[in-house]
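Fit chain B to the supplied structure of chain A, relying on the hints for placement.
Now for the letters of each chain:
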Amino acid sequence: MRLFILTALLFVFQSIAFGQDMAALVNKVKAKLDKVNDYVAEGNMKTDVAFIKAPVGRVKVYFKKPNHFKLKRDGGISILPKGGVTVNMSTLVSGNDFVAVAAGEAIVNNIKTKVIKLLPTSDNSDVVLSTIYVDEAKLLIIKASTTTKENGSFEIEMSYGKYVDFALPDKVNFSFNTKDYKMPKGVALEFEDEEKYTETEKIKRKKGRVQITYSNYTINQGIADTIFK
Amino acid sequence: MYKLLQIELYKIFRRPRTYISFAAITALIGIIQLGLLRDGEAYVGFMMSNVAQTFSFDGKILNGYLVCYVLLQLLLVHVPLLIALIAADMISGEANMGTLRLMLTKPISRTSFLLAKFAASAIYTFLLLVWIAILALFVSMFLFGTDDMVIQKTNYIVQLPVGDVFWRYVGAFGFALLAMLTVASLGFFLSNFAENSIGPIVATMSVIIFFTILSTMSIPLFQKIQPFLFTTHMVNWKEFFDPQVNSENAVIPGTIQHTSRIINSAFVLVLHIIGFFVATLYFFNKKDVLS
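Residue numbers (this note's numbering), protein chains in the order written: chain A, 1 to 229; chain B, 1 to 291.
Pulled out of the complex, with its shape left as it was, chain A reads as follows (with noise of 0.2 angstroms):
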């Protein structure tokens, strides 16, 4: 019976020791995010949908403490997921609205990280539950998954380089879930025939990926507010 209390104690301690390590390092890596007052990022955008055509276009970011995000295609028309690519990693940790819960180590693209499961405090928050996958050495979120009310479940993956003293990625992979589309032919006026998918095929339709190719950043020059009116 003793040794039944004493492992649930040591278990319960450590939960708990665990707990605020990972509270510890969601703060450093908060903090190395809160460098960034704001920023103006140019890149490449490219949009892997199944049923969308769309071509590469040059797009710019505009981020601003503490979550003003807009992404503006420079001459065109932008066509995003729902919530998705407007959710940066700034926005993600930013608060104290989180539990955070370890949920151990995994490797992603070679890199060694933590598994940090955040589960928001506030009933109103659109996010259910997201997890990052942490590179404790370079205080860097390597990978996010985020699951809304809302916007269905993406995730988002990140590789760095120039600018990595800032946490701002060089590239963002955003992958989320997309719903089934179809036009009547009468509506559309087609009249060839439809092309017929496999199983797989169908799977692949569902699933869609944008890829922002960041080219430079502007930081903590100050971004008018009307920027993301």
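Keep in mind the hints are simulated off the structure, nothing from the lab. Just so you know, even glycine gets a beta-carbon here, dropped at the ideal spot from N, CA and C. Check the hints yourself; a few may be wrong.
Stated by the list, open to error - Cross-link-like lysine-lysine pairs, in silico, DSBU-like; alpha carbons within 35 angstroms at most:
1) A/LYS72 <-> B/LYS60
2) A/LYS179 <-> B/LYS11
3) A/LYS112 <-> A/LYS46
4) B/LYS60 <-> A/LYS207
5) B/LYS224 <-> A/LYS171
6) A/LYS60 <-> B/LYS153
7) A/LYS229 <-> B/LYS153
8) A/LYS143 <-> A/LYS46
9) A/LYS46 <-> B/LYS60
10) A/LYS46 <-> A/LYS65
11) B/LYS287 <-> A/LYS70
12) A/LYS149 <-> B/LYS60
13) B/LYS153 <-> A/LYS207
14) A/LYS82 <-> A/LYS70
15) B/LYS60 <-> A/LYS60
16) A/LYS149 <-> B/LYS153
17) A/LYS70 <-> B/LYS60
18) A/LYS72 <-> A/LYS149
19) A/LYS143 <-> B/LYS224
20) B/LYS60 <-> A/LYS82
21) A/LYS60 <-> A/LYS70
22) A/LYS229 <-> A/LYS28
23) B/LYS286 <-> A/LYS179
24) A/LYS229 <-> B/LYS60
25) B/LYS11 <-> A/LYS82
26) A/LYS64 <-> B/LYS60
27) B/LYS3 <-> A/LYS179
28) B/LYS153 <-> A/LYS46
29) B/LYS60 <-> A/LYS65
To be verified - Here are a few chain A residues that sit away from chain B, every Cβ distance over 12 angstroms (derived from the structure):
30) LYS64
31) ASN67
32) SER78
33) ASP97
34) VAL99
35) LYS117
36) ASN124
37) LEU139
38) GLN221
39) THR226
Frame of chain A; chain B shown alone:
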């Protein structure tokens, strides 16, 4: 021959009936443009409701290029009826007025006579399309501006960069000319067999409506005959707006996904034009002209 063509053009453009088509098109395009100017955003919202739950669109979706596409989608099904008004009247109209026999007493061959008449109806068709292009494309570009073109197809959405659209319209209007000339040649052919204009005009319209319905319905029995109906090929101007994509699913500007479909359909339409004209020539040369 040139003189004959001039006479035929004079006859076409002297009749008030000719201008009904231009007026109808002006009114139709004008009213649609006005509607889209006022409530265009609601129309775009309805159009994109299919994907609005998953995606957000940022930019000027309702621009001149999209408006022109919407207009062509609506108009190119109905313009054949306006073309039939003139083309199906070319021979039967003369017969009705009793001038056909008189004209053929002149020292001109029946072939030259028909060639001049057909060329005149082709010029009328061309001018009607130019008028549509001016109103639907250029006026829309002026009223709504330009931006990337986002259109919906049966299985996917296409986004064309703004700089990659205009040449597609040039191609689409060129293709539409072939489609409309097919209608003109059908009307011209039927015009050969009547002594008044109503019959061939109504017959041409009926054939087009009947074939269009067969082309539109996704019933297996009809699908077997659809490739043989010229109305199925008439709508392939849309292929100009379907670009190729690379291995990463990104649009390759300046390309067309199914060039073979355009070539095949253009070939079928040209074959119909030649076929109808040769048939008209054959029957007209054998005809005993009594009116």
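Taking the hints in turn, this is what the structure says about them:
no.: 1; hint: A/LYS72 <-> B/LYS60; result: holds, 12 angstroms
no.: 2; hint: A/LYS179 <-> B/LYS11; result: violated, 58 angstroms
no.: 3; hint: A/LYS112 <-> A/LYS46; result: holds, 28 angstroms
no.: 4; hint: B/LYS60 <-> A/LYS207; result: holds, 26 angstroms
no.: 5; hint: B/LYS224 <-> A/LYS171; result: violated, 50 angstroms
no.: 6; hint: A/LYS60 <-> B/LYS153; result: holds, 29 angstroms
no.: 7; hint: A/LYS229 <-> B/LYS153; result: holds, 32 angstroms
no.: 8; hint: A/LYS143 <-> A/LYS46; result: holds, 19 angstroms
no.: 9; hint: A/LYS46 <-> B/LYS60; result: holds, 19 angstroms
no.: 10; hint: A/LYS46 <-> A/LYS65; result: holds, 26 angstroms
no.: 11; hint: B/LYS287 <-> A/LYS70; result: violated, 73 angstroms
no.: 12; hint: A/LYS149 <-> B/LYS60; result: holds, 29 angstroms
no.: 13; hint: B/LYS153 <-> A/LYS207; result: holds, 19 angstroms
no.: 14; hint: A/LYS82 <-> A/LYS70; result: holds, 13 angstroms
no.: 15; hint: B/LYS60 <-> A/LYS60; result: holds, 17 angstroms
no.: 16; hint: A/LYS149 <-> B/LYS153; result: holds, 30 angstroms
no.: 17; hint: A/LYS70 <-> B/LYS60; result: holds, 16 angstroms
no.: 18; hint: A/LYS72 <-> A/LYS149; result: holds, 25 angstroms
no.: 19; hint: A/LYS143 <-> B/LYS224; result: violated, 52 angstroms
no.: 20; hint: B/LYS60 <-> A/LYS82; result: holds, 18 angstroms
no.: 21; hint: A/LYS60 <-> A/LYS70; result: holds, 8 angstroms
no.: 22; hint: A/LYS229 <-> A/LYS28; result: holds, 31 angstroms
no.: 23; hint: B/LYS286 <-> A/LYS179; result: violated, 63 angstroms
no.: 24; hint: A/LYS229 <-> B/LYS60; result: holds, 16 angstroms
no.: 25; hint: B/LYS11 <-> A/LYS82; result: violated, 60 angstroms
no.: 26; hint: A/LYS64 <-> B/LYS60; result: holds, 25 angstroms
no.: 27; hint: B/LYS3 <-> A/LYS179; result: violated, 63 angstroms
no.: 28; hint: B/LYS153 <-> A/LYS46; result: holds, 20 angstroms
no.: 29; hint: B/LYS60 <-> A/LYS65; result: holds, 28 angstroms
no.: 30; hint: LYS64; result: holds, 18 angstroms
no.: 31; hint: ASN67; result: holds, 17 angstroms
no.: 32; hint: SER78; result: violated, 5 angstroms
no.: 33; hint: ASP97; result: holds, 26 angstroms
no.: 34; hint: VAL99; result: holds, 30 angstroms
no.: 35; hint: LYS117; result: holds, 26 angstroms
no.: 36; hint: ASN124; result: holds, 21 angstroms
no.: 37; hint: LEU139; result: holds, 32 angstroms
no.: 38; hint: GLN221; result: holds, 23 angstroms
no.: 39; hint: THR226; result: holds, 16 angstroms
The structure fails hints 2, 5, 11, 19, 23, 25, 27 and 32 (numbered hints given earlier, in ascending order).
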